[in-house]
Structures are given as structure tokens and as C-alpha cells.
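Novice: In case you want the letters, here they are:
2 protein chains.
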Amino acid sequence: MTTWKMAARAEKMNPSVLREILKVTDLPGIISLAGGLPSPKTFPISAFADACAHVLANDGAAALQYAASEGYGPLRQAVADMLPWDVDPAQVLITTGSQQGLDLVAKVLIDPGSRVLVETPTYLGALQAFSPMEPTPVSVASDDEGVIVEDLVAKARGTAGAASEDAARFIYLLPNFQNPTGRTMSEARRAAVSAAAKAANLPIIEDNPYGDLWFDEAPPLPLTARNPEGCIYLGSFSKVLAPGLRLGFLVAPKAIYPKLLQAKQAVDLHTPIFTQRMVVEVMKDGFLARHVPTIRALYKRQRDAMAAALTREMKGLDVTFNAPIGGMFMWARLPEGIDTVKLLPKAVARGVAFVPGAPFYADGQGDPRTLRLSFVTASVEEIDTAIAALAATLREQLAHDAAARVQRELAAT
Amino acid sequence: MTTWKMAARAEKMNPSVLREILKVTDLPGIISLAGGLPSPKTFPISAFADACAHVLANDGAAALQYAASEGYGPLRQAVADMLPWDVDPAQVLITTGSQQGLDLVAKVLIDPGSRVLVETPTYLGALQAFSPMEPTPVSVASDDEGVIVEDLVAKARGTAGAASEDAARFIYLLPNFQNPTGRTMSEARRAAVSAAAKAANLPIIEDNPYGDLWFDEAPPLPLTARNPEGCIYLGSFSKVLAPGLRLGFLVAPKAIYPKLLQAKQAVDLHTPIFTQRMVVEVMKDGFLARHVPTIRALYKRQRDAMAAALTREMKGLDVTFNAPIGGMFMWARLPEGIDTVKLLPKAVARGVAFVPGAPFYADGQGDPRTLRLSFVTASVEEIDTAIAALAATLREQLAHDAAARVQRELAAT
Chain U
2 MTTWKMAARA EKMNPSVLRE ILKVTDLPGI ISLAGGLPSP KTFPISAFAD ACAHVLANDG
62 AAALQYAASE GYGPLRQAVA DMLPWDVDPA QVLITTGSQQ GLDLVAKVLI DPGSRVLVET
122 PTYLGALQAF SPMEPTPVSV ASDDEGVIVE DLVAKARGTA GAASEDAARF IYLLPNFQNP
182 TGRTMSEARR AAVSAAAKAA NLPIIEDNPY GDLWFDEAPP LPLTARNPEG CIYLGSFSKV
242 LAPGLRLGFL VAPKAIYPKL LQAKQAVDLH TPIFTQRMVV EVMKDGFLAR HVPTIRALYK
302 RQRDAMAAAL TREMKGLDVT FNAPIGGMFM WARLPEGIDT VKLLPKAVAR GVAFVPGAPF
362 YADGQGDPRT LRLSFVTASV EEIDTAIAAL AATLREQLAH DAAARVQREL AAT
Chain L
2 MTTWKMAARA EKMNPSVLRE ILKVTDLPGI ISLAGGLPSP KTFPISAFAD ACAHVLANDG
62 AAALQYAASE GYGPLRQAVA DMLPWDVDPA QVLITTGSQQ GLDLVAKVLI DPGSRVLVET
122 PTYLGALQAF SPMEPTPVSV ASDDEGVIVE DLVAKARGTA GAASEDAARF IYLLPNFQNP
182 TGRTMSEARR AAVSAAAKAA NLPIIEDNPY GDLWFDEAPP LPLTARNPEG CIYLGSFSKV
242 LAPGLRLGFL VAPKAIYPKL LQAKQAVDLH TPIFTQRMVV EVMKDGFLAR HVPTIRALYK
302 RQRDAMAAAL TREMKGLDVT FNAPIGGMFM WARLPEGIDT VKLLPKAVAR GVAFVPGAPF
362 YADGQGDPRT LRLSFVTASV EEIDTAIAAL AATLREQLAH DAAARVQREL AAT
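Protein sequences appear in the order of chains U and L.
Here our numbering is used: position 381 in the first sequence is 382, and no number is missing along the way.
Here our numbering is used: position 357 in the second sequence is 358, and no number is missing along the way.
If you are wondering where the hints come from, they were derived from the structure by calculation, not from laboratory data.
All clues stand as given, with none of them false.
The list treats identical chains as one, so a pair stands whether inside a single copy or across any two.
Computed cross-link-like contacts, PhoX-like style, restricted to lysine-lysine with a CA-CA straight-line distance of at most 20 Å:
{"no.": "1", "residue 1": "Lys13", "residue 2": "Lys255"}
{"no.": "2", "residue 1": "Lys6", "residue 2": "Lys255"}
{"no.": "3", "residue 1": "Lys42", "residue 2": "Lys301"}
{"no.": "4", "residue 1": "Lys156", "residue 2": "Lys199"}
{"no.": "5", "residue 1": "Lys255", "residue 2": "Lys199"}
{"no.": "6", "residue 1": "Lys156", "residue 2": "Lys6"}
{"no.": "7", "residue 1": "Lys199", "residue 2": "Lys6"}
Just so you know, these numbers come straight off a predicted model, no measurement behind them.
Could you put together the complete structure from these sequences and hints?
Specialist: Here it is as C-alpha cells:
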């Protein structure tokens, strides 16, 4: 019987809390507001079918052969053209989903124990991608506009100042329609964060998977546009085309690009070239300019429906929530005494699933009253049904807690 | 100006020697025997076109949505069914190319400084995949039948025996038609290696990308089939279908599978589901049983052509080479005094490219006379032309060296 001696980093790996939760909630009859699954209504299936046929008929051999680790030239060019600052296609690296960009960043920038700054709360998948390189994640205090600059500055520097060995390696930020909170960093905050990071010599990893999904107006310029040499920018085709292709990209300064490329070569040689060519074919003739507005309109309707349902169904309860100006997620906070982890199985029993908020806090000090609600997968009718079920679950729990309190008080007297 | 502090592992990363060489050789007019590119003639383009159309028409939404990290159920089942031992589909993890399997193995099994045993020479891509986790690769002496058991046993144990901290973490083996040498581990050697590894508590990472490409008879049973609990098996669809899809898999014992899965989730959430469904669709009705024999026949003809051309063109020179019984690569050794790294630019000037053998040796002590020749990408006619050009390059070099020797001798007298 062979015993497998594992690496120290593997001993520390834990199953994704979120994945474990989602398994439980992925049952027939449950309306899931949990996962971040784009609405399949938005997948341009017939455009993909045409693109597959075209690519295989015209460039079949090249589309099925090994290809460059950097990515397909025309796709790198298309990415550079899409972005709102001056990007050299040579700085674009095509990744197997933007999640892979996080893995590459971690490999190239994190030593065991490196301090890595994140928002409060932050995207759980980023913490998981960084974790094998054994960083020390540090939560930077955050408000409705994003990270608070004073706390960023205080936590960026090492014990002996900005250049010291233990200075933070980078800050990971998701400025647009953040996962999990849905919040957007304001123009003023972006300007301040960008200036402070530059002054503190703190690289920014800017993750922007949802940026195109704005409802009324485009969000402010990315942080990377303000200081391209100090930022790595991560983007994705998952939300504007389809996640099942696993196509993302990163844009990196020339100082760091070659190392990210070497890491990329080592992990999977290159991103599937067939899907890269499919996407170039789909995007030609300005497809995204016609397609993305249809996604925005759909998600806006569903956000409105969810906000209306929450207002209606949670009336009289101490429930707060935001109304994000884009993206996929709403963030809510339930009355005092409620623990959303414990509430979840009861909600599932009533046919609705959500994600508890606590796992999104890097320091393990999550607010147990919070939860994340996705408004993109379920239809307006399903959202109405689900929020009513959630409110019923909550009222029952509150009644149960009140009864228990009375009993305890009676027992004590 | 932001300065980027890199991780120690990144400081040590170097550009792939092989990639750098291949860039130089990838010029118009050059016949490349260098890269390991499957012949595009073998890509079943129309079967893929039918499969794409079918998948998008029938399961478009599911094929474009996020999917399970483990891989697509029917593909995991197909892999289990394909393998010649009893495999539970729950042990199959679909990877973004088998290269990704190496990255996951490294993350889960290698601590900085861990001793990792490899063949002499070994697959360069494996060394690159392991490298970010900072192992100490150790070359095990090898002959025409594979690694030598006595040396394996000696190098497996740590200073304080098999269970000690510094015992080797695993041995990485490519038993069928090895890259770069083309050699195949004999049945007797497999039995001995399997027994010795088991006795030494040494896990085996068995890489088998070429196993289906046998010419006259199937190779002996995989090592994993002999001791599944002691092995991780890596396989690929790159050589039997197409590399541009980046589809591979691993089979791992239950003791280690969950950690590999967690590492997989963190690196790219899951392998593209669209291509997984495409491949399941292509493979139905026994497609591979009809298709793979056509690849074998083509590569066998080209191997024969290369062996005949080498025999013919290198006549009278002290050149040795093997005639692999499958796979993609032939391994040759040129006369004393020749350094294939220095010969390469001269060969390229005559219109032929190859890969020098030295970079494939983990300990940097490579034999400078060796080179790897791929017989799969070039046609029979191109192989004839290329080997003639290589022989001309070699004869010119030998004449040049002889003249230089005479001059030196004259100068010395």
C-alpha cells in the first residue's frame, strides 16, 4: 500500500466551501440564486454554430493543432482594441478562463507568507487561486465605494516601509459590480486608490469579469488605464459570450509579462486554439456591440425584479440590500441574530438557494448576517417566487428565534 | 514607476529552451523534424464539424455554461471504459491537456527541495511543469528498456530510508514511445519497476500521451494497471484526435484525488465543457477504433521512411539511431566531437530543423551528440529531403572539423 506524502500546501487545501454549498443546492425543484451562472438565454448559440462551421471549413488544421502560448494573434489584437486605454497586443496573454490568470499571478508574485491585500469581502475564487502559493491574505477595510485608501496605505507597507521585504506584494481589486457585493468603485475612489498604490509601490491586480454588464452607464475607467505599468488586468469572455469555453485574458506590463508567459507554458502549453478562433469568428463585424446590450437589458430587468421583490417581501423586517448598477450579484444583510449559513438548509427546504456571505471574508471574520443573491440565472417569475420563499424562511426563523427567547426567559424566571 | 517584486520561484524561471529553438526553426522553407506536432492529416475535421453542430443544436446551453471541475460525466466514463484496467469514473479528472495534469501533480506532491525522480533523458515539459514548485529533479540511470531498477531503488530512499522526510516524492515515467528517445519500457522492466516502486513506497506518475500510437502491436500493460493505488496515470486526446482542443485526463487513487480536484478548481474552475462534449460526440459509435489505426499506419510509414533515409544518408558515418515501435520520435547520436546545439543553425541554413538532445537531461549533463527527430509532421518526401540535408550538414561539419584538426596539428609541429 503506497502512502502518498503530500506537499505542505496540499495539506492546507480545503474543499471550496462555495462548491460544497452549491452541490447541496443544485437539486431539482430548487430555484438557485446561489451560483454565478450567466443566463443561458444570453448564449449566442447559432452564432457559435456558424463560427464552428466556418473555422473548421476554412482553418480546420490550424484550429486543431498546437498553438502559441501567448494566444491567437487576432484574438490578442481584438482584446487590445476592446480595452479603453492604449494596449499593445504583445502585452495580452490569452488564458483558460480569467481564473487561470489568478493562478499565473500567484505563481509569479507570491512567496510563502507574502502579504496580499484584498477587499472586505472579496472574490472567493481569487483566495482559492492564490492559496497554493501560501500567501497571507490581508483584508483592507472597505465601504460602499470600495477599499478605504488610508487602510490600504497602512497595510501596503512593510515593517520597514514600502520597499521592505514584507511590503504587500499586491492588492487584488474587483472594481466593477464586485463579486460578492455588487458594489462599484467610484471615480473619486479609483483616482485615490490609483495614486496611493503608485505612491506606495503597490502593484494592483485588477479583475474585471463583469465590466461590460453595466445597466445605465459604463463604469469609470479601469485602474489599469490610469497606470498600466503598475497593474495586471484580468478580463473574461465568460459573461459576454459563454463561460463554457473558458476564455479569458490578462494584460501585463512588459516588466512581468515574460514570467507570466513562462508560467502559462508550464501549466497547459496554450489555451485551446479552436475556441480562440471560434470567438474571433463570432466577434467579427461588431457582434459584441449588438449582443452585449441584450444581456444588459435582460439582467437589468432581473435586477429590478429582485429589488422590487425584496422591498415587497421583506417589508417590516430589518433587511438591507444594495441595487448594483451592473453585473450579476446583489448583497443583502438579514436581521440581527440570523446566521445565513444556518438559514440556508431551511431556505433550500422551501425551494430557494443563496450563498452565505461569510466565506467571502479573507480573515475568517465574516458577517454571518450577509448573503449573496445572483439575479442573472433565474427568470423574473422565478425571482419573485424565490424571494417570497426566502422571506417566508426568514419570518419562520425569526418567529422560531423569538419563541426560543421567550422560553429561555420564562425558564430563567 | 512600480517595481514588481517577484516570487523566488519566478526569478528562477527561464524561457523554455525548446520553445526558443522552435521559434528559430519555424521559418518558411524549413522542413521541421523538431516540434512534436501531430500530422494535421490525422485531424478528423469533418467529424468535429458534425459534432459541433450536433452539440450546439441539442445541448447548446449546457455546452456553453459553467460545468463540473471533475469533467463531463460521459467523458469520464468513456475514459474509464478505454483503459485496460478496472477504473472507476470517479477517479478520472478531465484536464486542460495532460500538461495540466503535471501542474496539478506538482502542486499537490512537491515541496521546495523535494526529490523527484525522472528518466535519463526525460520529457522537458514535465521538468517545466514541476519547476515552479521547486523540486530537486534526480536523473535515474536508464537504458534502452527504461529506468534501471537498482538505481531507482538507490535514489528513491532518503538518507534515513524509505519513510524518511527526504525520500523521493515520486518517479515520473513515460513508458511508451518516450519523449524524447522513442524507447518503450519492456514487460520485464515494467514488472520490476512496479514491484520495486511498491516496495520502496515510491509513487509513480505515469505519462502516456502516445500509448495508442503503436505500429505492430500494443505496448505492455501500463504500470498503473499493475498497482493503481500507487500511481497517477496521465492521458491525452491530443495525439488520437487533436492537440488544439487541449483535452487530457488523469486517473488518481482515492487517497489523492480530492486534493488534485481542489487544485484543479483553483487553476481554471473546469476544462472547457464545449470541447469535452464535442469529443464525447465524436467518439460515439467506436470512432477511435476506426480512426486510430489510420494514424498508426501513417506514422509507421513515416518512421520507416526516416529509418531508411538515415541508413542511406548517414552511411559510413558513426551515427546511431533507434527505430521506435510507436509514437512520434526517433533519437539519434552523431559522431564524436559533434555538438548538436552548434550543428542546428547550420542544419537550418540547409533547410532542416531538429531538437538537440541535451536540454532533455534533468541534471544538465546531457549528451551533446544526441538529437530528437519527429517523424510525424513531415511527409515521406519531406523526410527524405530533410535527412539528406541533415547528412550534408553533418558531412560538411565533419570535414570542417577534420581540416581544423589538421591545421592545429600542422601549427603544433
